[in-house]
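One letter stands for each residue in the lines below.
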Amino acid sequence: MINAFKENAAQVGATVHVVDPGEVGREIREILEDKEAEGVVVSPSEEFDDVLGHDYPVSIVDVSRGGPDIGERSKAIKAADVGITRANLGIADLGVIGLELTQANESIASLAPDTHIALMREDDIYGGSENVFEFLGDAFREGRDDWVFIAGPSSTADMGALVQGVHGPGDVHVIVERTEEGGNDE
Amino acid sequence: MSEKPEGPKDRRYREHARGRQRNIKQEIEDTVEATAVSDSIRERTNLLNDMREWAVAEEPDFESWRDQARAIKEDAIDRIPELIDQVTEVIEDRGGHVYVAETPEEANEYIRDVCDDGDAELVVKSKSMTTEEIELNETLERDFEVVETDLGEFVAQLSDERPSHIIGPIIHKPQEEIVELFQDRFDFDIPDDVTGEGLTKIARDVLREKFEGADVGITGANFVIAETGSVVLVTNEGNARWTTEAPHTHIAVAGIEKIIPEFEDLQPFYELLPKSATGQPSTSYFTMLTPPIKSESIDYKNEKEGKEREFHLVLIDNGRTEMAKDPALREALYCIRCGACLNTCANFQSVGGHVYGGETYTGGIGNAWEAGVTGKDEAEAFNELCTGCSQCKPACPVKIDIPWLNTVIRDRLNRDLERDDIEGFVFEELLPEPESQPDRQRRFFGTFERRARTGSRLAPLSNWVGNSFVGKEVMNRLYGFAKERDMPGFASQSFTSEWEGSRIAEEEANRKAVLFADAYSNYLHPERLEAAAELMESAGVHVEVAETTPSGRDALSQGLIEDARRDAEKTFENLHTHIQDGRDVVVVEPSVASLFMDEYSKLLDEDEYRALEGVTFEVGEYLNALHDEGHIDLPEIGGDVYLHGHCQQRAGDHFGATEELLRACGCNVTASDVECCGMAGSFGYKEDYYELAVSVGESLFEDVESNPDKDLLACGTSCTTQIKDGTGRKPRHPVEYIVEYL
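Order-wise, the sequence lines are chains W and Y. Sequence positions in the first sequence follow my numbering and run 1 to 186. Sequence positions in the second sequence follow my numbering and run 187 to 928.
Everything labelled a hint here was simulated from the structure, so no lab data went into it. We treat Cβ as the ideally placed atom computed from N, Cα and C, and that holds for glycine. Treat the hints loosely; a few may be bogus.
Here chain W is said to cover these stretches of chain Y; the calculated rule only asks that three of the stretch's residues, wherever they fall, bring their Cβ under 8 angstroms from a Cβ of chain W [said to hold, decoys possible]:
no., segment
1, 446-457
2, 878-885
No farther apart than 25 angstroms at their CA atoms in a straight line, the calculated lysine to aspartate or glutamate pairs in the DMTMM-like style are these [as the list claims (entries may be wrong)]:
no., chain 1, residue 1, chain 2, residue 2
3, W, Lys78, Y, Asp264
4, W, Lys75, Y, Asp271
5, W, Lys78, Y, Glu755
6, Y, Lys387, W, Glu36
7, W, Lys78, Y, Asp485
Here are some chain Y residues the structure puts well away from chain W; computed CB gaps all over 10 angstroms [claimed, not checked]:
no., residue
8, Gln272
9, Asp336
10, Arg427
11, Thr473
12, Glu489
13, Glu873
14, Asp895
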């Protein structure tokens, strides 16, 4: 399903990087260097600790409430050119990622900066929308009830031809961590 | 409160106020003349339509999604009060607020109070047609700074215009005009050659500041989920996300018909809406929030903690409860606001939503909405712009029968009008003013089939008189008949008056059929029926000919539903014994074939409709089927042919058979990809709509003219007239063409 996801994500304008386990940090570093990032905000979950432990070229500000004080968070969000969040799920048929929006402020981190990097696990890719909505229905009823599906960069055609990068990011990168090293991407 | 001088915004609202007098003919002429505007509309709607077709063609599950979506809406609209109760309980449990507004005034006052109570100064809005409907901005702008953040709405706000399309508010605006507008409204320098990307960046920077400083964010809602109290927003730009995220107070405004019962009900809509609206497999964002949301409320402007999050769901009735009770209008409540019916519509493509639209709602579905929330006068103004061509039917994701909705509204408008029985003579003083015509016009056009026999009997005199100078004046004054058009030319001998019976005995026949001599073919183009009969006989078919009864096509098109029903019943009676005797029913005029196969479902009993529909064939379809079964030896014609298919034929998917038939004769077929010739029965004969019909026909005329060496064929009576009037070349019906080579 990784290949289908990658293809369909490319169709909606997102770039997918498939990496072996443990290589996520390195991939992030490469993207940050490529983009010459100056300000990065992160909405972490526990699993990002090892990723965040790496030695990065710029400072990364944690904007979940576990991070610095609110004034710092607000400044960092306004100044950031890259935002890093989790992607809780992917939909292969559509190249879409699903992001749960919690108290950790993933929403603004995935919205304000020009570049959004989303970290996803291979195991979390669904084939089509039907199964996703079944899963989500249960999640919503349990109180996990703020979500956004993201299909590539923000866009508009109101000014004539298609323009990418409007009020949301213009560049979306999805890093998919394989379950096993050198796995079969079908 | 002191009287403020009337500003541009006030004027805009007053001009579009209820009860304004509209002059559709003038509006059409003005729009068609403003080429940059009409080109902009045509290009963008066509692009959206093409994208939709492409996206949908890729989807094997599309029909199944449509059925599911339809079923969900049918159920939801049945239970609106219950769903309102459910969603209110769920939201209030979470600390949110729900307000049900009967009227726009109630809604606006509530929202104003919420903003006031919170000491708001800056309000940001994302796109919501419902807030246009209630004219929310007019109220809020008196006390607060209100900024539209959807790019199209942002531009419309800057230029003081109404949105002209359900999802693309400024498709009528050429880019040069937008550049000028920006240069005028902003202080900084904007070069003339700024690109779309450049304009977007300007808007982005301006709006980012507004988002960061906003106190209240107002959105619409594509869907509201009763079970979980969630609000769903389907967007591309990211402004709706900002509108819900940055300000501490979120107000969602939604019509009561937006509520769907369960979370999983979303799935078919998730698949259908983006594809139907813009041809995107999915939009950039599909936001599902259950406010008040969990993310931190941050005051970005002052870089400190924001106020506690507050949420208000304002549900709007404004006539929707009445619509739900109305057996016809309730279907309009299923609409999910994709705009597909606008983009497929030849008339909308030519003039856009400022003409083909009312106070708020535009396009094919817009008429029912205006009838429901504004009033019948507003609906009346643009009701006739729906010609029944039916291109919108296969496009609608929830299978709304839009042409039928518009026919019902037309019928109701007819029955409200005063009966005026003067069928004038040629005395100046007795001729009434053209403006009091609509009912007389509709009854004239709606009874063509009944009069055609007399017209044919009196031909060629009837033709001379009708087309004489005096004749045209009379027709124009009495019936609003466009002087540019000739009357349909009656043939001196109808087909039925000359038919001598089948040469093939029934016992020896391969098949038996009844050829229905529809009034259009019989009295205007009898050679088509002749050719059809000859070709059928050459296939060993025993041909009976049913007498010409009015089919109801004309009455239905003019919104005379009872008359159409009576015609349908008579026609069914006429054909009944033939059907019972196992004969195939063959029809030459495609609009009548479509009538039997589609609209008769609304006019006849179910079993009558099924009996007839099951055995009806349009003539090209029939001959092609005969050929497939090996009964007919088609002549080897070779040669190049240009074929224009009839709109309803295409919508009902019957057009391919005629193409196949011609190819089986060895022809090189160039099929027009223009979906509607613009004539649409009586539409193009009416002086109010003549300019529009010609404008719609332009691309077809150009196409015909760039294929001068091909033999020109068209199936529909209307299409034949339109092409002849527009290019000087008269097309023949495929059967006329093939029979020549037999």
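Structure-based check of each hint:
no.	hint	verdict
1	446-457	holds (count 7)
2	878-885	violated (count 0)
3	W:Lys78 x Y:Asp264	violated (47 angstroms)
4	W:Lys75 x Y:Asp271	violated (42 angstroms)
5	W:Lys78 x Y:Glu755	violated (71 angstroms)
6	Y:Lys387 x W:Glu36	holds (21 angstroms)
7	W:Lys78 x Y:Asp485	holds (11 angstroms)
8	Gln272	holds (14 angstroms)
9	Asp336	violated (8 angstroms)
10	Arg427	violated (5 angstroms)
11	Thr473	violated (5 angstroms)
12	Glu489	violated (4 angstroms)
13	Glu873	holds (36 angstroms)
14	Asp895	holds (37 angstroms)
Against the hints set out earlier in the document, violations occur for numbers 2, 3, 4, 5, 9, 10, 11 and 12.
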